[in-house]
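**Student:** Could you build all of it, start to finish, from the sequences and the hints given here?
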Amino acid sequence: MLSIVLPAFNEEHRIGKPLEQLIAHRGACDYDLDVILVDDGSTDATAAVAQSYVDALPDLRILRHETNRGKGRAVATGMMAARGEYRAFFDADGSTPIVQVDALLEAIRRAPRSVAIGSIRAEGTRIGRRQPLHRNLAGRLGNAFIRGAVLPGIADSQRGCKLFPAELSDVVFGAQQIDGWGFDIEILALTKRLGYGIIEVPIEWNHVDGGQIRAGAYASTLSE
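Residue numbers (our numbering): 3 to 226.
No lab work stands behind these hints, which were simulated from the structure alone. These numbers were taken from a predicted model, which means no experiment stands behind them. Some clues are possibly wrong.
Stated by the list, open to error - In silico lysine to aspartate or glutamate, EDC-like type, Cα no more than 20 angstroms apart, as pairs:
| hint | residue 1 | residue 2 |
| --- | --- | --- |
| 1 | K19 | E68 |
| 2 | K19 | D46 |
| 3 | K194 | E169 |
| 4 | K194 | D172 |
| 5 | K19 | D104 |
| 6 | K194 | D158 |
| 7 | K19 | E206 |
| 8 | K19 | D61 |
| 9 | K19 | D36 |
As the list claims (entries may be wrong) - Just the calculated beta-carbon pair ranges, DEER-fashion:
| hint | residue 1 | residue 2 | range |
| --- | --- | --- | --- |
| 10 | R112 | D172 | 17 to 27 angstroms |
| 11 | R85 | A26 | 16 to 26 angstroms |
| 12 | G199 | A47 | 13 to 23 angstroms |
A virtual CB, placed ideally from N, CA and C, is assigned to each residue, including glycine.
**Tutor:** And the structure:
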């Protein structure tokens, strides 16, 4: 079984895209799915929109935080509730198609004791719609800072598509302390500390408007 976690905060207009992708993927894949959407205290109709997909996606579970606790905490809630042998999380905006999880699975099966992360810096990545120039530059600078300070050798640690084996997922997400945007940095640092490898996998990726992350978020996290 493969678990896929979708953290969502006020995503009523975008959450349908990954759920539609999951419906299609469920019909094509050769493994069982366990889908967990974590509504992180949304004040819009995110939960209602997700609920409307339950009949078409019976593997879907919807968990809810009563208040907004941050993307990192939403991911951790979903990953700790997951049941799969492998456990992935994807951004709710659909920027990385769900079908890309198969590339992550292939990578991790070839290299036991590893985590597979989607990377737009890996050779073979296909980028459709690119980010605005200022966001691209900020992202490059942020990743350079993260690479130099915490994650040497990792060119892109910030894509919202990462896959973990169950035994590692339980440990690192159980120990996670950062609730906000910089949680990826902590999780991957813990992964390396525990002796697991990190594989950057080329993916298909498209910029999607409407994101809530702001410039300086990761630098702010690292400064804490």
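**Student:** Each hint should be assessed against the structure and marked as holding or not.
**Tutor:** Outcome of the hint check:
1. K19 to E68: It is violated: about 24 angstroms lies between the C-alpha atoms, which goes past 20 angstroms.
2. K19 to D46: holds, 17 angstroms
3. K194 to E169: Between K194 and E169 the Cα gap is close to 14 angstroms, so the pair holds against 20 angstroms.
4. K194 to D172: holds, 15 angstroms
5. K19 to D104: holds, 18 angstroms
6. K194 to D158: holds, 15 angstroms
7. K19 to E206: holds, 15 angstroms
8. K19 to D61: holds, 17 angstroms
9. K19 to D36: OK: K19 and D36 at ~18 angstroms, within 20 angstroms.
10. R112 to D172: 17 to 27 angstroms: holds, 22 angstroms
11. R85 to A26: 16 to 26 angstroms: holds, 22 angstroms
12. G199 to A47: 13 to 23 angstroms: violated, 41 angstroms
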